[in-house]
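Colleague: Those letters in the sequence shown? Residues 7 to 345, per our numbering, in order.
Keep in mind the hints are simulated off the structure, nothing from the lab.
Mixed in with the good hints there might be a few duds.
[Stated by the list, open to error] Label-pair ranges, simulated between beta-carbon atoms:
(1) 78 to 159: 27 to 33 Å
(2) 23 to 301: 21 to 27 Å
(3) 23 to 262: 49 to 55 Å
(4) 51 to 274: 53 to 59 Å
(5) 274 to 43: 42 to 48 Å
Cβ atoms here follow ideal geometry from the backbone N, Cα and C, with glycine treated the same way.
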Amino acid sequence: MSGTASHTPVTISFIAESAGVSVPTVSKVINGRAGVAADTRSRVEALISEYGYRKPVVTRNNTMELVFDQLEHQWGLEIIRGVQRVAREQGIGVILTEFGPQSSTIRYWIDDTLARRPACLVSVAQLSDGERDQLRARGIPFVVFDPTGELPDDVPFVGATNWSGGRSATRHLIELGHRRIAMIGGPDAILCCRARLDGYRSAIEAAGLPIDPSLIVPTELTRDHGQAAALDLLRRPDRPTAVFCCNDLQALGVYQAARSLGLRIPADLSVVGFDDLPITSLADPPLTTVHQPLFDMAQAATELALTLGRGEKARQPRLELATTLTVRNSTAPPASRRR
7 MSGTASHTPV TISFIAESAG VSVPTVSKVI NGRAGVAADT RSRVEALISE
57 YGYRKPVVTR NNTMELVFDQ LEHQWGLEII RGVQRVAREQ GIGVILTEFG
107 PQSSTIRYWI DDTLARRPAC LVSVAQLSDG ERDQLRARGI PFVVFDPTGE
157 LPDDVPFVGA TNWSGGRSAT RHLIELGHRR IAMIGGPDAI LCCRARLDGY
207 RSAIEAAGLP IDPSLIVPTE LTRDHGQAAA LDLLRRPDRP TAVFCCNDLQ
257 ALGVYQAARS LGLRIPADLS VVGFDDLPIT SLADPPLTTV HQPLFDMAQA
307 ATELALTLGR GEKARQPRLE LATTLTVRNS TAPPASRRR
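Kindly generate the complete structure, drawing on both the sequences and the hints.
Modeller: This is how it looks when you write it as structure tokens:
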């Protein structure tokens with residue numbers, strides 16, 4: 007037997023550290039979920055048996071809170087699905103809170119949350135310094151999902167490799183032969199938008215191509231704004247042959263703009279999005295996009311929040327999950343390459 011005293015509760019973090027894996031991996035084994043290599047599963051199961059690990063009995067509020075500023079479109083639904091999957095397995099209820107636009111100066115949600123005293127909180131919105139301090143003072147652990155801005159080192163978060171995603175999307179277009187590649191970006195105040203733009207620039211520079219500032223159009227992350235930006239780009243005499251968008255909604259707006267101008271995708275224009283929302287595979291043509299693992303990110307954020315809610319120390323309090331390029335039918339070599 008190990009040197010762990012028999013009367014000392016064995017935590018999921020201890021099992022993870024002993025096995026050399028993450029807490030979410032151990033949780034998958036405990037709850038019988040897929041996505042764990044056979045040898046890793048065997049190693050974790052052996053440690054669970056050796057140390058006599060048992061799921062902890064919830065002694066405090068058996069609810070957690072999921073906070074959005076504005077809940078909209080499928081992006082939010084994927085997050086809710088991931089949170090509920092983990093919470094349900096651990097017998098935790100989920101309270102969904104929406105506190106309104108970020109521009110609002112009055113945010114009453116924090117008072118209601120403090121009164122409810124959930125076991126933990128996952129925030130898809132950027133928490134202010136004051137809100138973080140209030141949650142800490144009341145002993146409510148929190149995790150920020152896909153932070154929109156820089157966070158202090160002591161704030162746990164789960165995000166994605168946005169820079170790599172932007173780079174891989176742009177590199178894909180370059181490898182097809184495109185040289186005039188536009189980017190419809192997002193608000194500069196949002197961290198992931200800046201990272202995706204930096205990835206775009208990195209790929210352009212790595213290919214030895216000049217960065218044309220006129221081909222970079224920042225706008226809001228909506229279909230309508232994507233359409234307006236695309237109309238501006240595509241009406242130019244030297245229009246781009248490809249467009250990389252900061253998210254899928256913008257890309258669907260590009261589809262609308264291209265059709266209104268009589269341009270065919272991908273024969274006349276290649277388009278790449280970002281997020282890989284379920285609707286993108288149903289677009290006409292199906293959209294090439296960067297897959298952001300929102301469901302997995304939500305599960306990881308929930309695992310992390312519940313770990314902190316149990317009073318355990320998180321092995322990896324700041325996580326970035328990998329993005330991958332999903333190539334479908336909206337990208338092709340430019341017309342000049344096909345002649």
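Colleague: Tell me, in ascending order, the numbers of any earlier hints that this structure violates.
Modeller: Structure breaks no hint.
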